[in-house]
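Undergrad: First to last, the sequence lines map onto chains A and B.
Okay, so the first sequence: first residue is 1 according to our numbering, each after it adds one.
Okay, so the second sequence: first residue is 1001 according to our numbering, each after it adds one.
If you are wondering where the hints come from, they were derived from the structure by calculation, not from laboratory data.
Heads up, a few of these hints could be off.
[As the list claims (entries may be wrong)] Restraint ranges, calculated between C-beta atoms of paired labels, are given here:
#1 A:I36 - B:K1221: 21 to 29 Å
#2 B:S1200 - A:D45: 27 to 35 Å
#3 B:H1244 - A:E88: 36 to 44 Å
#4 A:L92 - B:A1069: 43 to 51 Å
#5 B:S1185 - A:S120: 33 to 41 Å
#6 B:R1243 - A:N29: 38 to 46 Å
#7 A:N89 - B:H1244: 42 to 50 Å
[As the list claims (entries may be wrong)] Interface residues of chain A toward chain B, partial, derived using beta-carbon atoms under 10 Å:
#8 R84
#9 F94
#10 D103
The beta-carbon is built from N, C-alpha and C at its ideal position, and this holds for glycine as well.
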Amino acid sequence: MTKPALKYVVAILLNIAVFSPANADSLENMERERAILVYSFISPDLDDQQRSERIEISRNRLIDLERLFLRDKSLHAKNSAHIRAAFENYDLTFLVHAAAETDLLLTDHWLDQLGISTQSLMTTQLGPR
Amino acid sequence: MPISYLAKPAYLRSHKHLFCGSQLHHLGLFCFVLAWAFTWLFPSAQAANWSAASSERLVKLPPAYLAKAIERDFSNSALADALTDTQTQLKNKTQTLIDLRQAVEQSSGALQIELRHQYIAEKRHYLELLRSHQEYRSKRAQTKIKIFKRLLAKTQRAKSSLTPQRAAMIEKQTQARVRFERSISQVDTKLFTSAMAPESRYGKAYAQNLSAINQLIGAIKAHPMSNQSSSDQGELSREDYIRHLREQVEADLAIIQQEKTVLAYMGKLVALDAMALAESVNDTKSDDQILSHFGSSQITSGINFFTE
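One chain only, chain A, in its complex shape:
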């Protein structure tokens, strides 16, 4: 391929990449933000103040993202494993809404759903796996 032709091809590809609409999946966005939230729960690098701020930011984002996903009518047409798994457990997928329903803190609700309580933690023992 000659140099000018190659330039045109590159320009066209760049145009496509820049001007094509972002086709972000509503589930993907929600999962990403929830992963950030879970990381904020368990990260040992954060102090209490930082953890609280990050959880607050993620919570506010997740309010909209969970609603966007639940109101997405195109989901009826899709039958992927990801979507099936998302609807398997409402309390873990829609963490912010479920926590508000149960009147628990986000962290408490998440731990509760995973079956981790203060009592279960206190009864744990150190030992070889």
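Please arrange chain B on chain A, whose structure you already have, making use of the hints.
TA: Just chain B now, with coordinates in the frame of chain A:
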């Protein structure tokens, strides 16, 4: 043999022998005459047709507008024109029969025989028109049945394409949405009352649009046309409504079949009338029977012309 002829390919040489100019001209003329004769002999077969509307478009329409859309499609067809035309002709023919009957009553002798002959001939034309009218109505009913069958098949196909796995997933989605809608006001109160979490731009815009949508839904429900269409349909599902329409058309078709029997009897009576007239002319006797009643273009109202 000229060199130029030899240079031509074999298929060109053979064509020259098969279709020379005059033969082609005759073939064209023959085709034209054949087409013209077909049009003249079977005018209705060519013109009076109704090709059904595409079921892809109809299947998307709400059930209440389905019957109206099919009727509108029919009214734009050549078959509808032919049906209206035949109805007008039937009306005119009825008037002619009334006039002729009066003329027969008032005449005598050779003129009466001539008028009776004309009366029988007009009755025969009337029967031909009735037959065409029945054919068109039957065609319309059959096309409608075809449309309804196709629509039902499409609806059932769409239902059967839902696998159990996908149906279960849709069920889960519905449950999640129901739970979400049930708790949304409670969640809003808890989440947005604190100053830390003001409502987002998306949340505000969504609430505004939702209020506008609810207003529009209210207006649609209150619209007189909406009330009319829902009362026509009653509480039937889409499939049941299509089935109900199909049953109505099948009933119409059964009536047309019955009318065909009436038409056959009318034809028999015209033949008997003609035989009676021929006999009375041979015996040089005047017919004292005078017909007294007449009716409209409806098939049963036309019976009087034949029974007396």
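Undergrad: Run every hint past the structure and note whether it holds.
TA: Quick rundown of the hints versus the structure:
A beta carbon spacing of about 44 Å between I36 of chain A and K1221 of chain B contradicts the range 21 to 29 Å that was offered as a hint. Between S1200 of chain B and D45 of chain A, the C-beta spacing of about 28 Å keeps the proposed range 27 to 35 Å intact. A hinted range of 36 to 44 Å holds for the C-beta pair H1244 of chain B and E88 of chain A, which are about 41 Å apart. Checked against the hint of 43 to 51 Å, the C-beta distance between L92 of chain A and A1069 of chain B comes to roughly 48 Å, which is consistent with it.
Under the hint 33 to 41 Å, the C-beta atoms of S1185 of chain B and S120 of chain A, about 34 Å apart, fit the expected range. A hinted range of 38 to 46 Å for the beta carbons of R1243 of chain B and N29 of chain A is consistent with their spacing of about 45 Å. Range check, N89 of chain A to H1244 of chain B: Cβ separation about 44 Å, and the 42 to 50 Å hint holds. Against a cut-off of 10 Å between C-beta atoms, the interface hint on R84 of chain A holds, since the closest Cβ of chain B lies about 5 Å away.
With a cut of 10 Å, the hint placing F94 of chain A at the interface with chain B holds, because the nearest CB-to-CB distance is about 7 Å. Checking D103 of chain A against chain B: minimum C-beta separation of about 7 Å stays under 10 Å; hint holds.
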